[in-house]
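The whole structure should be built from the sequences, with the hints applied where relevant.
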Amino acid sequence: MSGTPSSPSRGHRPSAGPWRRLVRLGRPRATKANVLAASLAVLLGVGIATQVQLTQERGLSQLSQPDLVRVLDNISVRASRLDAQVRELEATRDRLRSGTGTTAEALAQAQKRVDTLGILAGTVAAKGPGMRMSISDPGNQVTGPLVLDLIQELRDAGAESIEIGGVRVVASSYVEDSGGRLSIDGKPVGRPVLVTAIGDPETLASAMMIPGGIVETIRQKGATATLSKQPTVEVTALHQPLTLTQATPVP
Amino acid sequence: MIPALGLLLGLALGLLLNPSVPLWLQPYLPIAIVAALDAVFGGVRAVLDGIFNDKVFVVSFLSNVVVAALIVFLGDQLGVGSQLSTGVVVVLGVRIFSNVASIRRHLFRA
Amino acid sequence: MTLLTSMLERPLDPGYQAAADRRRAAGRLPATSTRTPIVLVMVVLTGFLFAVGARSLRPQPTAASAAKAQLVQRIEALQARSSASTARLAALTGEVQSLEALSLRQSGAGGLESRSRSLAVQAGAAALAGPGLTLTLDDSPQSAAGADAGSRPSSGFSSGRVSSTDLQIVVNGLWAAGAEAISVNGHRLTSTAAIRFAGQAIIVDFRPLARPYVLTVLGDADRIRRVFDPAFAGVYLSQLHQALKIQVGWAPGSSLTVPGDPSLRLSFAAPLRRDVGSAPGPSPTGPATP
Numbered sequence: 001m002s003g004t005p006s007s008p009s010r011g012h013r014p015s016a017g018p019w020r021r022l023v024r025l026g027r028p029r030a031t032k033a034n035v036l037a038a039s040l041a042v043l044l045g046v047g048i049a050t051q052v053q054l055t056q057e058r059g060l061s062q063l064s065q066p067d068l069v070r071v072l073d074n075i076s077v078r079a080s081r082l083d084a085q086v087r088e089l090e091a092t093r094d095r096l097r098s099g100t101g102t103t104a105e106a107l108a109q110a111q112k113r114v115d116t117l118g119i120l121a122g123t124v125a126a127k128g129p130g131m132r133m134s135i136s137d138p139g140n141q142v143t144g145p146l147v148l149d150l151i152q153e154l155r156d157a158g159a160e161s162i163e164i165g166g167v168r169v170v171a172s173s174y175v176e177d178s179g180g181r182l183s184i185d186g187k188p189v190g191r192p193v194l195v196t197a198i199g200d201p202e203t204l205a206s207a208m209m210i211p212g213g214i215v216e217t218i219r220q221k222g223a224t225a226t227l228s229k230q231p232t233v234e235v236t237a238l239h240q241p242l243t244l245t246q247a248t249p250v251p
Numbered sequence: 001m002i003p004a005l006g007l008l009l010g011l012a013l014g015l016l017l018n019p020s021v022p023l024w025l026q027p028y029l030p031i032a033i034v035a036a037l038d039a040v041f042g043g044v045r046a047v048l049d050g051i052f053n054d055k056v057f058v059v060s061f062l063s064n065v066v067v068a069a070l071i072v073f074l075g076d077q078l079g080v081g082s083q084l085s086t087g088v089v090v091v092l093g094v095r096i097f098s099n100v101a102s103i104r105r106h107l108f109r110a
Numbered sequence: 001m002t003l004l005t006s007m008l009e010r011p012l013d014p015g016y017q018a019a020a021d022r023r024r025a026a027g028r029l030p031a032t033s034t035r036t037p038i039v040l041v042m043v044v045l046t047g048f049l050f051a052v053g054a055r056s057l058r059p060q061p062t063a064a065s066a067a068k069a070q071l072v073q074r075i076e077a078l079q080a081r082s083s084a085s086t087a088r089l090a091a092l093t094g095e096v097q098s099l100e101a102l103s104l105r106q107s108g109a110g111g112l113e114s115r116s117r118s119l120a121v122q123a124g125a126a127a128l129a130g131p132g133l134t135l136t137l138d139d140s141p142q143s144a145a146g147a148d149a150g151s152r153p154s155s156g157f158s159s160g161r162v163s164s165t166d167l168q169i170v171v172n173g174l175w176a177a178g179a180e181a182i183s184v185n186g187h188r189l190t191s192t193a194a195i196r197f198a199g200q201a202i203i204v205d206f207r208p209l210a211r212p213y214v215l216t217v218l219g220d221a222d223r224i225r226r227v228f229d230p231a232f233a234g235v236y237l238s239q240l241h242q243a244l245k246i247q248v249g250w251a252p253g254s255s256l257t258v259p260g261d262p263s264l265r266l267s268f269a270a271p272l273r274r275d276v277g278s279a280p281g282p283s284p285t286g287p288a289t290p
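Residue numbers (my numbering), protein chains in the order written: chain A, 1 to 251; chain B, 1 to 110; chain C, 1 to 290.
Some clues are possibly wrong.
Unchecked claim - No farther apart than 16 angstroms at their CA atoms in a straight line, the calculated lysine to aspartate or glutamate pairs in the EDC-like style are these:
| # | chain 1 | residue 1 | chain 2 | residue 2 |
| --- | --- | --- | --- | --- |
| 1 | A | K187 | A | E153 |
| 2 | A | K112 | A | E88 |
| 3 | C | K68 | A | D200 |
| 4 | A | K187 | A | D177 |
| 5 | A | K112 | C | E113 |
| 6 | A | K127 | A | D200 |
| 7 | A | K229 | A | D200 |
| 8 | B | K55 | C | D21 |
| 9 | C | K245 | C | D138 |
Unchecked claim - These stretches of chain B come out as covered by chain C in the derived footprint (C-beta under 8 angstroms, 3 or more residues):
| # | region |
| --- | --- |
| 10 | 32 to 40 |
| 11 | 59 to 67 |
Treat the hints as calculated values from the structure; they're not laboratory data.
All C-beta atoms in this analysis are idealised placements derived from N, C-alpha and C, irrespective of residue type, glycine included.
This is the structure in structure tokens:
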């Protein structure tokens, strides 16, 4: 509003061109105004950076409430599982320390861990409660992604050991599907697809049967799935352990 | 000084009493506040210009608020409520800014 | 334009000037006092209006948002507790193992110990290090802007966001390409770790992930890329990148680490027979004799 052009100060030639003035502006000087301007500029920069980060950030609070409830469910399952394990291990450690029947205890513990790891690694046959499912798929409509989804759903429902079409499913198992021919870990899977999983039968079955779940998807594709809860199932297929060529255990 | 104290008193009253605004009044509230803000800054500027007049202040205040509410109401009836509200806010906003600029010139000479 | 100019040049109510002129003409001071009762009343009213407006127009912390905040708080607390428990578990496992090793060696049964160690590597309980690559997936920049896609529960994947299905397919492709170990955002993928979704959140082994999704893959990086890229997962990923603008970043690394999962435990499965060797039978796919 005050349109008077700022007069060149400190005896500068009034004819100094705009470029020279710009250069003079850029030259650092330790005047009060300069320091103030610099700190304002810094503040502006911080503000911009914060705002940019805020608009990019998407944490938990961005999720809707039903999603948050599911996340909470998931994480509390895990938390209580971890707590139980910590308590169990603490008891074991105390027993081992106290030295009562140490050798037997140690032997039992070591055996138990070998069993657990062996079952999880897929090198040991396993038995336990669980479910069996048979997917008859005359039109070869059960595709790789569906089987992948099935595996993840089973794991989510707490399956501890899974066998599909005579192949043991472990962490590194992969599903392939070329022209309707399914294979897991490179081994062909025949039709009907037989699925065996060890875990809580109720949880496993309800995870399969939920609306919009695996069984419904399979039905929509024109295949049928029959599912039965079993007090004991056996997972007998074994996984050939990978030979690690690149990775080495961290000591 | 005394008007400033009055403003604080009003703020405290509003915060303490915490009256519930009826739902039908709520659309008019934001616009009324902007209009009131304009009147207040106009009044301060008039004081600094040395031409303050209590009657003008009160009348401009009331007419601002009433006209702003009327515009919102009319806009809502015509189906252009949000556009008209935006227009009112822009006009009043520009006025507030230039009044504040004038106040600034009076107080800081900058 | 005239409107704008007049607005900018004479922002003050013209009434003030007119009143001042009138008073001057009448021989009085141009300005009245600011302390007249009517001004005071008006000013109190203004303050009241401001306070009431602020009170009633501020987005109320509704019951829903309060519940949400509480949920987030509980999730964060549980997350903190879980990671503390995991650390405790790792420490305890080490302690118990060394105690065991001591007493087993004394009794001459050290073989079990070394079996346990090699199985821990296969099962994903032990941390691994080595060369490999990292694959970073992130939502498209556009989708990040309109993040809050409403309250649809599970089905609502807005395009441009990485979904759990995408992650499943990519991980599957990486295993097929010869990956030796994979972790997602620092969570090791073991045989019980599921990649699922809870609405728009991706969950790995019951832990919600925050984007970006960083997959650390141990293995021969060149070979993995050679096999992965032309395969289904590679094509799928490049389509995600091209069509949905999902951000994909590959980076080879010479010394990467994937953590172990110390919380592996079974509560239902038991071994069918004791002490089958870690070497599988001649036909691993064939049904074993019960």
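Okay, the hints, checked on the actual structure:
Of the supplied pair hints, the one linking K187(A) and E153(A) is violated, its CA atoms being roughly 22 angstroms apart against a limit of 16 angstroms. For the suggested pair K112(A) and E88(A), the alpha carbons sit about 13 angstroms apart, so the restraint of at most 16 angstroms is met. A distance of roughly 31 angstroms separates the Cα atoms of K68(C) and D200(A); the hinted pair therefore is violated under the 16 angstroms criterion. Distance hint between K187(A) and D177(A) is fulfilled; the C-alpha atoms sit about 11 angstroms from each other, no more than 16 angstroms.
A threshold of 16 angstroms between alpha carbons decides the hint, and for K112(A) with E113(C) the separation of about 11 angstroms falls inside it, so the pair holds. Between K127(A) and D200(A) the CA atoms are separated by roughly 12 angstroms; this keeps the pair inside 16 angstroms, and the hint holds. As the CA atoms of K229(A) and D200(A) are separated by approximately 9 angstroms, the hinted pair is consistent with the 16 angstroms bound. About 14 angstroms separates the Cα atoms of K55(B) and D21(C), which keeps this hinted pair within 16 angstroms; it holds.
Annotation: proposed proximity of K245(C) to D138(C) holds, straight-line Cα distance about 9 angstroms (limit 16 angstroms). Residue count for the region 32 to 40 of chain B with a Cβ under 8 angstroms from a Cβ of chain C: 5. That meets the three needed, and the coverage hint holds. Judged by the Cβ-Cβ criterion of 8 angstroms, the region 59 to 67 of chain B is covered by chain C as claimed, because 3 of its residues qualify and three suffice.
The structure fails hints 1 and 3 (numbered hints given earlier, in ascending order).
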